[in-house]
Structure formats: C-alpha cells, structure tokens
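Colleague: Line by line, the protein sequences give chains A and B.
First residue of the first sequence? That's 1 in the numbering used here, and the numbers climb one at a time after it.
First residue of the second sequence? That's 1001 in the numbering used here, and the numbers climb one at a time after it.
As a list, the in silico DSS-like pairs of lysine-lysine whose alpha-carbon atoms are at most 30 Å apart: (1) A:Lys-103 to A:Lys-129; (2) A:Lys-109 to B:Lys-1091; (3) A:Lys-109 to B:Lys-1166; (4) B:Lys-1166 to A:Lys-107.
Because the hints were derived from the structure by calculation, they are not lab data.
Number of protein chains: 2
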Amino acid sequence: MNFTMEEAIEVLERTPEMLVSFLSELSYGWLTCNEGDGTWNASEVIDHLIEGEKNNWIPRLEIILEEGEAVPFPPFNRYAHINEQNTLPIKEKLLQFQSIRMKNLAKLKTLMDSYAHLELTGTHPAFGKVKARELISTWVVHDLTHVAQITRVMAERYRDDVGPWKEYLGVLKQVNK
Amino acid sequence: MNFTMEEAIEVLERTPEMLVSFLSELSYGWLTCNEGDGTWNASEVIDHLIEGEKNNWIPRLEIILEEGEAVPFPPFNRYAHINEQNTLPIKEKLLQFQSIRMKNLAKLKTLMDSYAHLELTGTHPAFGKVKARELISTWVVHDLTHVAQITRVMAERYRDDVGPWKEYLGVLKQVNK
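All chains should be built: construct the whole structure from the sequences, respecting the hints.
Modeller: See below:
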C-alpha cells in the first residue's frame, strides 16, 4: 500500500491550481475540441470534476462513516454535467472547482481524524464492499486520469499538424477510454 | 490544419507554470515513483523537457531557417538527461525550465516573423523533409505527452490502493509508450 492521507491531500490540493495555470484564458479552439461525438472537451471535464466534488467523494465518505455497509452509495451519474449545460466561462468554472475542492479537503481532514477511519467500509452499488482509503485513493487517481484526458484531447487537435512526428508522441497513441 | 502560431504559444507558455503548480514541493514518493526499470519519474521528465529547450526545438528551427534541407538536424538524444544526473531540487528544475522556455518563446516570436516561415522545410535524420510548422506543433504535443506521462506515472503508484475502482480509471489502462 502506498496511500497516506498526507500525500493524497498533496495531489488533491494541487489539481485546481494546476488546471487554472493550464486552462485559464485558453482559446476557444483548445477548450472546445474533443475526440469526436459523445466525448468531452476540456471545459466539460471541469464540469465533471465539479460534479464529483458535489455528489461523489465527500458524500460517499459520509455514507461510509455514518452508515457503514448498510446503505449502498447512490450511483454517481458520470454524465450529469452534460445535461446541466454549465455555460460559465472556463475561468469561473475553474474557480468554482477550486473553491469547492478546498472546502471538501477541509471537510476530509475533519471527517478522517483517525487512522482507524481509513479502514471503515461501505457498499459500492457495482463493486460491493469498499474501504474509505480506497475511495480517497480513487479521488486522487480520478484527478490524474482527467488531467491525462485533457492533455490527450488537446493533443488530438494537432494529430495531423505534427506530420511525421506522430510516431514519437505517445499521447497520440492512446485511445479514448 | 488546426495549427496557428498564437494558439501554439498559448500552450507552450502555460506548461511551465502548470508544472510548478502540479509538482512543486510534492513529496519524495510522488516525485521518484516510476513505472519500473528504465522508465522516468516526474523529476526526470522535467530534466528531459529542459534538455529539449536547450538542444531540440529552437536549435532545429534555426537549422531550418539558416540551412533549409541542406543540413539534417543533429539527432536529439532522448536519454541525455539521464546521463547528466541533474540533482537540483524539483522547484529549481521547474524554475530552470520556466526560464529557458520563456527565453525560447521570445526567440520563436523573433525568428518566425512571417507566415511564410512556417512553410520552410528542413531534414529530420529519420523522417526526411519536415516543415517548420510541424516542428512547432510537435513542440506543443510533446509538452502534452509529457504531462500525460507524469499523471500516468503518479497514478501507477496507487494502482493497488484504489481497489476495485481501477476498472473505471482510464489512466491505469494506458501502457508506457
């Protein structure tokens, strides 16, 4: 096991600022390009991250702490943000993400005030029994997977522009998963 | 063709600041984890980006502008930074990258002062004829591919920690390319 609460928080608290540096005031072309029908652009990925802060990580952790395995997590709708059509400019979306993330990290520290809490278990609707520390680890890797997604989506826009170099660029060999 | 000089520069100028936000003061564990023997950790990726600023992008562009197709680019050693063993702390490496990138972008704007320059051609040692705009597009996608790599390497560290969620996390399904 590599997980520690301190190191997990290190990544979780850096993601919003990193995305601000990466995406703020980028051109429309970069923010709206995607990998084809039904795939997300960078701006929609931020909507999804906000949705996770509202309805996934902390709410599920609270269910683990309050209900244990007795009450399964409500399913998280990974497409909720698409239906909601958040039309805010990217900079405001990023600040919204940053604000809710910081509140959630403060809450995380309050909720998980003993090592024993990390081993508490809940019931995932698809996987069954899961541990609090698995949920928090997943929160971290979920950030990383979506940063990777944004870079892949943006790289795709220049697939033809790089000419023969595409052979050397790993990010152009990954598929939408 | 999606490439424009303005939009390419948007990404190139954001990468250093994004990496500062992402990696500065991260724990040793995050900065030194890799994907196994012969693979790079986050800190080594920064060394490679610095190496590219010194010996790849602008030097090759200068060869295109000065020599055209007559003189092939010298091969770029993708492993040079591994032999050099840069032992600076990550924050200093990131500032070094930021500083040389900003100088190179200033140079790029001076060198490429007409649209006609984008269509100029040079000789790549493996690919043969390449255009200046393909080289600059590749510079952009090269940034993106290495940000994707860092997220993948860090995610790998928590592969077992996420428990059953690994099924949902695309970044854990990508292989080292």
